[in-house]
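Same order as they appear, the protein sequences are chains A and B. Residue 258 in the numbering used here sits at position 258 of the first sequence, and the numbers go up by one each step. Residue 171 in the numbering used here sits at position 171 of the second sequence, and the numbers go up by one each step.
Check each hint, because a few of them may be wrong.
Which copy is meant is left open, so a pair is good if it fits within one copy or across any two.
Think about it this way: if two alpha-carbon atoms lie no more than 27 Å apart in a straight line, the pair counts; the simulated BS3-like pairs of lysine-lysine are [said to hold, decoys possible]: (1) Lys-187 with Lys-262; (2) Lys-133 with Lys-58; (3) Lys-284 with Lys-187; (4) Lys-238 with Lys-262; (5) Lys-225 with Lys-238.
Everything labelled a hint here was simulated from the structure, so no lab data went into it.
This is what each chain is made of:
There are 2 protein chains.
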Amino acid sequence: MKLIKLLSILLILYIYGCKSPEKQSANPAESPGSEKIALLPSWNEGPAKQQIMEFVRKATTEGDSGFIPVSQRIAVFDNDGTLWAEKPVYFQLLFAIDRVKDLADEHPEWQNEQPFKAILENDMETLSQIGHKELFKIIMATHSDTTAEEFRNIVNDWMAKARHPKTDRPFTEMVYQPMLELIDYLKAHDFKTYIVSGGGIEFMRAWVEDVYGTPPSHVIGSSIKSAFAVQEGKPVIKRLPDMEFLDDKEGKPVAINRFIGKVPVFAAGNSDGDLQMLQYSAGKVPSLQLYVHHTDSIRECAYDRESKVGKLDKGLDMAREKGWVVVDMAKDWDKVFMWEE
Amino acid sequence: MKLIKLLSILLILYIYGCKSPEKQSANPAESPGSEKIALLPSWNEGPAKQQIMEFVRKATTEGDSGFIPVSQRIAVFDNDGTLWAEKPVYFQLLFAIDRVKDLADEHPEWQNEQPFKAILENDMETLSQIGHKELFKIIMATHSDTTAEEFRNIVNDWMAKARHPKTDRPFTEMVYQPMLELIDYLKAHDFKTYIVSGGGIEFMRAWVEDVYGTPPSHVIGSSIKSAFAVQEGKPVIKRLPDMEFLDDKEGKPVAINRFIGKVPVFAAGNSDGDLQMLQYSAGKVPSLQLYVHHTDSIRECAYDRESKVGKLDKGLDMAREKGWVVVDMAKDWDKVFMWEE
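Isolated chain A, as found in the complex:
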């Protein structure tokens, strides 16, 4: 299971997190009282913003060589590290850990069964050494055995009370303000925007409509198997403890074709896991490919080639070779999070 490969190092990282996750400093260039009606207001002037705006201007100008008919204006965004933060670990893993704790009363056997015992005892030493099989156990124990509706409620309840371990903010406030603006900007120009994430499709669907204004049908992700049943006269979708699809790397173009059925003309990601999605969209001309490069150790986290979560190595080389947009988070974003002063 590739999902497990992805996750296997996360618990280790949970201990160390990001190197410099200090509190954000207000950007002195911003004058709080001024009314900004500019487009993409949280983006600083520079090559990234310029490339995006020029692409959209041409895409929406009939007769221009870069014109794209409305029916072809499909934009796809990775989620973890592209639309919201992914440090110290994917937030979905924190959900799984909290859920193990919530379910512990119903599973007295977990007191003596790894990896649950380690989670319940906050035994990071043991957790950092568990293998694929144990991680798979965590995901299945926390993500299945409910109906789809119940699972959404569980996620939303968690979202309402859980807080980011470093910022103490709700996770829904850990989204990147410039990316929200970019989604709105593209929508205003008749692009259909989709989220295409390695994260769980139902985990995301629970909250994305409120946070990104993206309906569930525009969310593509990894999934476990499910089945239809009528339980006590009520029709339900049951979530089964078995992986169905991992929406990462080569999986992303496959899922885009399956769900959307058109090749995107705009693709944004932040890691090598997004490379194939960006390559796929580059098959369309005109099109725009964008990498969010985590360069900001002050306001967020600085990481790329050596990072185990959100590794950007091959993708960075490809981006430079092909002239894709590389967003330098430290330079290109006036604001990272909406709550920065």
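Could you slot chain B onto chain A? The hints should help.
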């Protein structure tokens, strides 16, 4: 493979087709010169039309007990036998047969290999007796081994030249005019409409945008596996000779949850294969469930409980028990096909 079960009898039926597929007779009640600006103009006044219009009136009236917020207005339609005809056999099977003939030159071995030999020799006797394994061979040989883009072109080329064996019309003209009007009517009232069919997802996507005004992302169907590759510098989705998902019966609600992520409030089908989809939507209150009942032996085909294609038996009982809308094609539709005079 359930798909094979579905298809296994189709070749037999191909020989017999519908009992009474005679040319349509113009409906004497219709006066050709009169300008109709009524809603659902090809629907006769009666309980079916009344139930539909009342449901939509209430769904769109704020404060009404039947009001449905726009974000919840999801409508799903089966395709074969619901939006277009399915006799003498599913049109996709005719595509597969024609494609075997088209590919025969590249496969000289087919001259001596069943079931291809029987298709190439129009040997209906042999074809009517082939089993699941042979049918699987036909589908895989004709639906895989291309890129997604190539397959769409192949389907569109076929659609442009193929003709229905009884009416001699292009298959895109074998759609039911009243159902096109129903889709438009729902769209005009801010419903999002989806096709949820046992047919191949890529087979349908090739032409539905032109014919139903439904984008590929709103088409859900059965699928074979696929993979991403970069071939000679060009990113492609390769279609693989292996079943991925059968979108029939219990599969329909599962696929609706996977693709749309919301429970529909309007579901239309015509066979027992749609029953679970209708049951699933009935979990929402208010909602409307609709069966197209093939009662018209003159203008189309009369079939239900005994039919092997489009069998409507359990569904008809359930519809009567639950008070679902049952469209009596002979009585409720002023016109079946758009080209009727």
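For Lys-187 and Lys-262, with the copy left unspecified, which applies at a CA distance of at most 27 Å: within, between, both, or neither? both (17 Å within a copy, 22 Å between copies)
Is it within, between, both or neither when you check Lys-284 against Lys-187 at 27 Å Cα-Cα? Cα proximity of Lys-284 and Lys-187: one copy only (19 Å, versus 30 Å across).
Please sort Lys-238 with Lys-262 into within, between, both or neither, judging by C-alpha distance up to 27 Å. between (30 Å within a copy, 14 Å between copies)
Intra/inter-copy verdict for Lys-133 and Lys-58 if alpha-carbon distance must be at most 27 Å: neither (50 Å within a copy, 52 Å between copies)
Within a copy, between copies, both or neither: which one fits Lys-225 and Lys-238 at a CA-CA cutoff of 27 Å? both (9 Å within a copy, 23 Å between copies)
The earlier numbered hint that this structure contradicts is number 2, and it is the only one.
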